[in-house]
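Enquirer: In order, the protein sequences belong to chains A and B.
The first sequence runs contiguously to residue 574 in the working numbering.
The second sequence runs contiguously to residue 172 in the working numbering.
There is no bait here: all hints are sound.
Capping the alpha-carbon separation at 30 Å, the derived lysine-lysine pairs in DSSO-like fashion look like this:
no.: 1; chain 1: B; residue 1: K67; chain 2: A; residue 2: K304
no.: 2; chain 1: A; residue 1: K202; chain 2: B; residue 2: K55
no.: 3; chain 1: B; residue 1: K131; chain 2: B; residue 2: K73
no.: 4; chain 1: B; residue 1: K67; chain 2: A; residue 2: K311
Everything labelled a hint here was simulated from the structure, so no lab data went into it.
The structure presented is a predicted model; accordingly, all values stated were derived computationally and were not measured.
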Amino acid sequence: MKVEAKPAFTSIEESKTGADLLIEALLQEGVETIFGYPGGAVLPIYDAIYRAKDRIKHVLFRHEQGSIHAAEGYARITGKPGVVLATSGPGATNLITGIADAMIDSLPLVVFTGQVARSVIGTDAFQEADVIGITTPITKHNYQVQHVQDLPRIIKEAFHIASTGRPGPVVIDIPKDISAENVYEEAFETDFDLPGYHPNTKPNPLQINKLVDSLTKAKKPVILAGAGVLHGKASEELIQFVERYQIPVTTTLLGLGSFPGDHKLSLGMAGMHGTYTANMALYECDLLVNFGARFDDRLTGNLKHFAPNAKVAHVDIDPAEIGKNVTTHIPIVADVKEAIRELLHHEFDMNLHYQWSNQLEENKKHFPLWYNDSNEEISPQWLISQIHRASNGEAIVTTDVGQHQMWAAQYYSFSKPNHWVTSGGLGTMGFGFPAAIGAQLAAPESQVIAIVGDGGFQMTLQELSILQERNLPVKIIIVNNGALGMVRQWQEKFYEHRYSESLFPIQPDFVKLADSYDIKGMKISTQEELQQVLPKVLAFPGPVVMDCRVVQTENVYPMIAPGKGLHEMIGVKP
Amino acid sequence: MRRIITATVQNKSGVLNRVTGLLQRRQFNIESISVGPTEVEGISKMTLVVEVEDKQKLEQLTKQLNKQIDILKVSDITDKAIVSRELALIKVVSSGQLRSEIKDIIEPFRASVIDVSKDSLAVQVTGKPEKVEALIELLRPYGIKELARTGVTAFLRGNKPQVAELPSYSLL
Ligand SMILES: Cc1ncc(C[n+]2csc(CCOP(=O)(O)OP(=O)(O)O)c2C)c(N)n1
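Hey, can you work out the whole structure from these sequences and the hints?
Expert: Structure follows, in structure tokens:
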């Protein structure tokens, strides 16, 4: 069990450490980039990174939270696990928000945390934190390495667990003495057996038959497409399927891009700030087919009024999501792509539901998204439409959390998968800008735009350092309303205009801020300026910070107020 | 409703914490939990007694447990043919005179006295939780100084058809 005694002739230079095993294991997994931040407990690992610097890239963020959100952005764009490295204690606890965010939005991450040496674990040693205890509820799985020879196998397992089934974050906590330990073996056993982990991907044929039967009988069918379609890379199959049978599609917030927003059969996004058409379709449908969405409460509104007359079919790779919130008649535990392929193999007749499609078309025509346009000032919705136009709807868009996020979801019509990076389940302010860095690292040739609020941007703006350092042409567009807009909106609507701590009395000068990081910065206050400048900004080869001053009093509409049902939207176009 | 759930788990550090933490954060009430090794090395069995609101919650509980990587199998055995047992140690206030009275009470329960001191008596009882409960209630009037229960452990009874197929001879 213990590594053999060191042969007398081996010099230290020739021997490897546990940390070298770690780097080798990452290279085996095809990892190109580590998102990290050093510290005492990971010094041996950083030494190994130094030795391997020609073979693996490490990006030094300025706060661990920035590194993990960037890794999430990277994972969202590539579908591959983002790899994060932080030191013990405060380094690890600074990652918690990102781990929880990745867990609830099903993003694959492999997170390495340093730990104090095994001999002092449990003694409240310097920079000791119970990482396993803290992260157990917010990880798909976690490990504390106890023997150096287990490390390669654990890493292989972790990548497997993070990226298969329903993806999620896996934490590997490595005591410092293990990463520092000398090893003399050529290689260690990496074969693994996980008898308790066998995600099912093949749909049950009987359930598929039931679904086909329900589809043939349905008069008002609707499909809800969630992020499962993106994880399963099933967009093409989805398009083929709904085009064959002319079934309308709505998406969740995280499912945006899984079905083209400009498609004739698209109803737009559903949920709290979804379109009237989409929400009424969910309310009135007689068959709801959910592909890879988890029926989150921001989507369903009051469950009593959610799809009250519908037969519900739910395809999800995670069996625990089926029947969790919404009673499901046809449960299908499967990978979405395999399930849709199976459906495509069945040739069946569907009633052509003219009445239903006419009704939806009427809703689309009479109750589209709408806003008050002002003449000179920039309204935030108009701003997003302009960004969409100037980028041909082809940019990778990341957002922070708040009003701007909802407007981006509403007005940047995504036509392709994996171009939308947002924090849905946790709603993490501070996510948007670092996520854009990760997205740009994942797709160096793509146009990446971070649409952020003036509040959330201030949570992680220290990562501006990285843009010039890494030559990343991220465009940061601050939708600056001088307020914590979403909080202000709720206070206006539900707390009788009592704006408690939601208006910023002073703001930093974002142009000077950008300048201090040697980044081009500009302040835009009128529509005219914006139209002139925006195309140039997007074409500029380097990073830009655009401080766009927008109307403070705009609210996100339409809206399902908390506790209300899908059919009780307020702020629908009059 | 009260359910008896068994979970076969890999005997790895932290697995008990994973299970109890999961149930706690998903707001399930654990009435009792017992853990111990099984006939297979490295595999342990947990028996949980939980109080759940309805079938949907119960389904969630088993599905969420099943998602844990270190959990191999989860079964709700409440409505199956099972044998379930619990052990309780009960320290009762008792001076000399009451001692024989208490012994009379515990006798039909096949409980035994395992410790005697000047002013107390320690009783050990094994059986279904209801039986243990009944004895505790009978002893309560004498004054229970200390009570320790293991929680239920249980498994399925031997397969009925197989038993029937056995040649019928007496083992004694
Ligand atoms: C870390 C964190 N803290 C608090 C909140 C609650 N919250 C949600 S939206 C919001 C306001 C965001 O303001 P800003 O970033 O300016 O964006 P806006 O809504 O104005 O577009 C707040 C405080 C949150 N989502 N995340």
